[in-house]
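Undergrad: Generate the whole structure from the sequences, applying the supplied hints.
Chain order of the listed sequences is A and B. Letter by letter, the first sequence follows residues 0 to 310 in numbering that gives the first Met the number 0. Letter by letter, the second sequence follows residues 0 to 426 in numbering that gives the first Met the number 0.
Heads up, some of the hints might be wrong.
[To be verified] Computed beta-carbon distance windows for the label pairs:
1. B:157 - A:175: 42 to 50 Å
2. A:78 - B:151: 31 to 39 Å
3. B:321 - A:222: 54 to 62 Å
4. B:217 - A:2: 54 to 62 Å
5. B:387 - A:2: 26 to 34 Å
6. A:231 - B:185: 14 to 22 Å
7. A:204 - B:320: 20 to 28 Å
Honestly, the hints are just simulated from the structure, not real lab data. Ideal placement from N, C-alpha and C gives every residue a C-beta, glycine not left out.
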Amino acid sequence: MDRNLIRIRTLDKEDITKILDQSKVFLEILDRPIKKVPALRGKVVVTLFFEPSTRTRMSFELAAKMLSADVLNFAASTSSAVKGESLKDTALTMKALGADYIVVRHTHTGAPEFIAKQGDFRVINGGDGFGEHPTQALLDLFTIRQKLGRLEGLNVAIMGDIAHSRVARSNIFALTKMGANVRLVAPPTMLPVNIEKLGAQVHYRPDAIFEDTDVLYLLRVQTERQKDSLLPSLKEYAELFGVNGDLLSKFKKDVIVMHPGPINRGVEISHDVADGNDTYIEEQVRNGLVVRMAVLYLLEGGKEAAHEAVN
Amino acid sequence: MKLLIKGAEIIDPAGKIAGRNDILVEDGVIREIGKPSAAGAEVLDASGLKAAPGLVDIHVHFRDPGYEYKENVATGLRAAAAGGFTSVVCMPNTKPDIDTKSVAKYVNDKARAAGLGRLFIAGAISKKREGAELAEIGDMMNEGIVAVTDDGNPVMNAQLMRRALEYTKMFGIPVMSHAEDKNLAGAGVMNEGMVSTTIGMRPIPKEAETVMVLRDIELAALTGGRLHLTHISSAESVDAVRRAKARGLRVTCDVTPHHLVLTDESVMGFDTATKVNPPLRAESDRRALVAGLLDGTIDAIASDHAPHAVHEKEVSYDDAPFGLVGLETTLAVLVTRLVETGAAPLELLISKLTAGPAAALGLNAGSLAPGAPADIVLFDPAAEWTVDSSKFFSKGRNCPFNGWRVRGRVAATVAAGNIVFKDGAFV
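TA: Given below as structure tokens:
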């Protein structure tokens, strides 16, 4: 693996498999009375979040702590970024504090690469602009593999605002690399040009994917898309693409429903589906923890040491 | 004062003279080309070098007044001379804008004080470049403006654009259009295509340019005015200009060196020096631009030299301002990527950097004919060097060619009969 984890696009199938396998090893730790291993003892992990986040930041923080790292949390809203400190100077400050890892979430695509240039710390992309969200895709793959036993040959439909979704982008790269068939379902205003050339099929309406979809992956639809004229209203989106019990009954019986969160109840997903038995949103969160542990662990150079560190 | 430039290989696209000859310069004008006597003249040995008219760049930003921390008239003219340029046309997006005679006079005075090459001004089309009311174009003519443009603020109001094309007819100057539909471009930061889709960046479709190119061409047809489309970047724009010229319309255009040699693939590394407006396009557009250069559709090459302070570009791609610096790399980048690869002959490129732009804007420049201003560049097309933006005479460091190994080096620049730049230093 590379020294940073910024893009799924630049990983190969072996890298992804290695992370998923390592995640499985860590899953066992969650059931221990003492949820801690010493793999990153003495290391400093900074979570540098320029956008609000609940699950990703907390997940990284907890993952790092379970590996015995020291964790510093940076939130732009309560930091010198508010006073106009530049991204460069923020990164240099983290370098001076001795950060070994920087987990970055930023509204701008490419911000993780920019930070990686400022020091010799390892950078993990916690979501950049419309770019990528690699650990989200990895935890999604882990969850699918856990539920369905494989990735190759599965039909995975991603529905929602593909154009403005870093989650969609990372999942398209990850799933196609692992041999799954990816279908994208969205109004044409939410599909970027030539997206099919990334190896995915494109559909404008959900009825095209009822028959053989194994995984239905829903994306959060954001209210500001209305003012960009991508949608007339969230209500109309919910009518055309919202997944409720009725719509879900048209899919095959054993379809699983996933969502990266936070969900918009009543928009892309109804309360009955969100709280129903076909939905694995909470498993995704739990798996996120072990996937992030695996990423931190593998970037630290853990290979042969896997079992030693875990035991 | 006399200067004899001896033994250079002459490239004069506007004239008939070629081959190895001597150039005699006296009192700021070219006296004779051939074998004139050296009596009383300072002699400059130019054997092994090419001599061409001083290069002409009709699209530069010297940021003066208002943004002198990015560039000023003196540093801009030094960058120009170091790149072999002896005539430049400054865009009016300064602070205040060059929308009145008094601001134009301020810029002209600074250029005179700098005493390097010649600086021309493109005044604003509209007051404060707001696209609402015409600026006092006639009054700015008193300060010698050579075109009008609102450059970075394309004129979205078609009625105002019509009036500008009509009104300028009485002065004989062109309206220069930065063709971009601002609504269609939106908050985009790069070309819309496979790369923007792959890396996930806000896109600018090339149609944002196409629709305005087509609109402006029809307004030129309606008014009979002179339209110059600056930094066209797409295959469709080249086609549109080709058809406009075939219709006999008074339409000219230029292209930048970066659109001729780079594509949106360069954006993949998020180097903010590649963030430029219009954005770097697809390979098919790049090829169409080269073809347009070869078949005469494109009249000129202009750098759109747009310096920014280091701290302004050392940010995320979205936060970085548009623009890159080009004056000191234009010649070498074109020689390396177009001449050395066999894509275009050197003589053609020189014509697009001299006679072509001079004709498009009606400048008395770009020629070595006797009586012409003694603006001359001497260069060695084979000399190899490495672009190091930290060594630029421009204040700008935002150069996507930084670190490139290139061929084609300016040996000396003569402006108004004086050697102003020689062997990498100012005289």
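Undergrad: All hints, please: hold or fail.
TA: Outcome of the hint check:
1. B:157 - A:175: 42 to 50 Å: With a Cβ separation near 45 Å, residue 157 (chain B) and residue 175 (chain A) satisfy 42 to 50 Å, so the hint holds.
2. A:78 - B:151: 31 to 39 Å: Roughly 33 Å apart at Cβ, these two residues keep to the hinted range, so it holds.
3. B:321 - A:222: 54 to 62 Å: Taking Cβ atoms as reference, residue 321 (chain B) and residue 222 (chain A) lie about 29 Å apart, which means the hint is violated.
4. B:217 - A:2: 54 to 62 Å: At 55 Å between Cβs, range holds.
5. B:387 - A:2: 26 to 34 Å: holds, 28 Å
6. A:231 - B:185: 14 to 22 Å: holds, 19 Å
7. A:204 - B:320: 20 to 28 Å: violated, 41 Å
The earlier numbered hints that this structure contradicts are 3, 7.
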